[in-house]
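Undergrad: Here are the chains, one letter per residue:
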Amino acid sequence: NAGVTQTPKFQVLKTGQSMTLQCAQDMNHNSMYWYRQDPGMGLRLIYYSASEGTTDKGEVPNGYNVSRLNKREFSLRLESAAPSQTSVYFCASRGRGRKNSPLHFGNGTRLTVT
Amino acid sequence: DQQVKQNSPSLSVQEGRISILNCDYTNSMFDYFLWYKKYPAEGPTFLISISSIKDKNEDGRFTVFLNKSAKHLSLHIVPSQPGDSAVYFCAAAYNFNKFYFGSGTKLNVKP
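Residue numbers (my numbering), protein chains in the order written: chain A, 1 to 114; chain B, 1001 to 1111.
Take these hints with a grain of salt, some might be off.
Derived BS3-like pairs (lysine-lysine); straight-line CA-CA distance at most 25 Å [claimed, not checked]:
| no. | chain 1 | residue 1 | chain 2 | residue 2 |
| --- | --- | --- | --- | --- |
| 1 | B | K1098 | B | K1110 |
| 2 | B | K1071 | B | K1056 |
| 3 | B | K1110 | B | K1054 |
| 4 | B | K1098 | B | K1037 |
| 5 | B | K1068 | B | K1110 |
| 6 | B | K1110 | B | K1071 |
| 7 | A | K9 | B | K1106 |
| 8 | B | K1110 | B | K1037 |
| 9 | B | K1071 | B | K1005 |
| 10 | A | K57 | B | K1098 |
| 11 | B | K1068 | A | K9 |
| 12 | A | K71 | B | K1098 |
| 13 | B | K1056 | A | K57 |
| 14 | B | K1098 | B | K1054 |
| 15 | A | K9 | A | K57 |
What the hints contain is simulated information worked out from the structure, not anything from laboratory work.
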C-alpha cells in the first residue's frame, strides 16, 4: 500500500531551469495538495486541488504552476527556478468527508536551486 | 502573517513524564485541528485531530485539548517515550479545504 508517492526524492537545479515534481496517490482521494517546508516556517500551502479538474492557490503560489492530471496525479511545475525555491516539497492527499479526514503526506522532494 | 503559531521551537522532557506542546491560532473560522509528527527525511504523519465542537480528544497516550475562547490548542503525551522524539506540527482548517500549519516544535524525550 504505497499511499502518496513523490518523485524525484532529490533534485539540484540551476537558476532559470525548469522542472516538474510528480505526485501520485492510490487511496482514491479527492483532494490533493502541495506544500513547501522551510526552516522556521513550517509547512506552507502552495496550491491545492479540491477535486479532479479544479485547482486553487494557497499561501505561496508565486513561481509555481500545477496540473491535476487525473484523480491520482497532481504535479507541481517550476518554470524558471530561483534560489528562493530551495526547499523540501511535500505532496498530500485527503479523502472526502468531515470526520477523520486528515492529510496524508508523501516523503518529500528535496530541491536545491543554485 | 501566520495564522497558526507554535511559539516553542523545542522542548526537552524526561522519559515517563508528560510532554505538553502548544499551538495558537488567529482565525476564528477554523473548525478542524490536527497534530502531525515528523521524523527526519520522512513526510509528516497524522497523529490526532479534534473538531471545533469538542474540547478534548484522546487516543492512547495522546490527548488534544481545544480552548476556542483562547484560540489555543495543546497536545499532551503521557507517558513520553524516547520514540516520541520528533518534530510536531499543529494544523488548522476551515471548510476542510486549506490546511494551515505551525512552524513546528522539536520534542526530545531523554531516556
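Undergrad: Give me the numbers of the hints this structure contradicts, sorted from smallest to largest.
TA: 1, 3, 5, 6, 11, 13
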